[in-house]
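Start counting the sequence shown at 1; every next residue gets the next number (UniProt numbering).
Honestly, the hints are just simulated from the structure, not real lab data.
Please note that the accuracy of each hint is not assured.
Below, simulated DSSO-like cross-link-like pairs (lysine-lysine); rule was C-alpha separation at most 30 Å, straight line [unchecked claim]:
1) Lys87 - Lys58
2) Lys145 - Lys169
3) Lys153 - Lys5
4) Lys141 - Lys121
5) Lys40 - Lys50
6) Lys171 - Lys153
7) Lys50 - Lys101
8) Lys19 - Lys157
9) Lys40 - Lys123
10) Lys171 - Lys70
11) Lys153 - Lys90
12) Lys50 - Lys153
13) Lys123 - Lys153
14) Lys107 - Lys157
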Amino acid sequence: MEFMKITRITTNEIDQLQKIGRQTFYETFSTGNTQENMQKYLDERFSIEKLTAELNDKNAIFYFAQLENKIVGYLKINFGDSQTELKDDKSLEIERIYVLKEFQGKKIGQILYDKAIEIAKQKDADYIWLGVWEENPRAIKFYKKNGFVEFDKHIFKLGNDEQTDIMMKLKLTN
């Protein structure tokens with residue numbers, strides 16, 4: 001595979017983040033959801049205001065995956081009070097790992113995942129956790145392959161639709 005670069009995203013790159021965020025989310029979930037719910041979610045969760053607040057959050061970090069200067073995926077991790085649920089000081093949440101459909105299967109998701117593990121170890125986290133849609137078997141398989149185990153479920157609201165996410169956890173050995 002060509003050389004891939006992982007770089008931390010800054011507020012100067014918010015337009016690129018918005019573009020890849022919307023595109024990858026749509027590619028991943030549009031077939032299982034109504035157009036109306038997709039549009040509502042994309043408008044709310046990937047607005048410039050929301051992304052700016054997330055980028056300025058000291059407990060959240062975003063990274064781009066780039067191949068030959070093309071942004072092909074991204075990662076968002078949260079720790080401390082910025083975690084969406086558990087908010088455990090000894091954990092790190094992977095909120096998003098997304099890769100453009102045309103680049104899936106090229107180990108880009110794995111490289112972004114490895115970056116999250118690296119940061120979790122730097123922060124001396126005891127475990128990493130995440131939520132994954134129960135109807136996303138590809139992602140569930142990916143996380144299980146990397147040692148994650150299911151520990152709970154929660155509701156994820158996409159537009160007006162309440163969906164079930166499987167919560168998964170990976171204990172780290174420091």
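Which numbered conditions among the earlier hints are violated in the structure presented, ordered from lowest to highest?
-> When the structure is compared with the hints, numbers 3, 9, 10 turn out to be violated.
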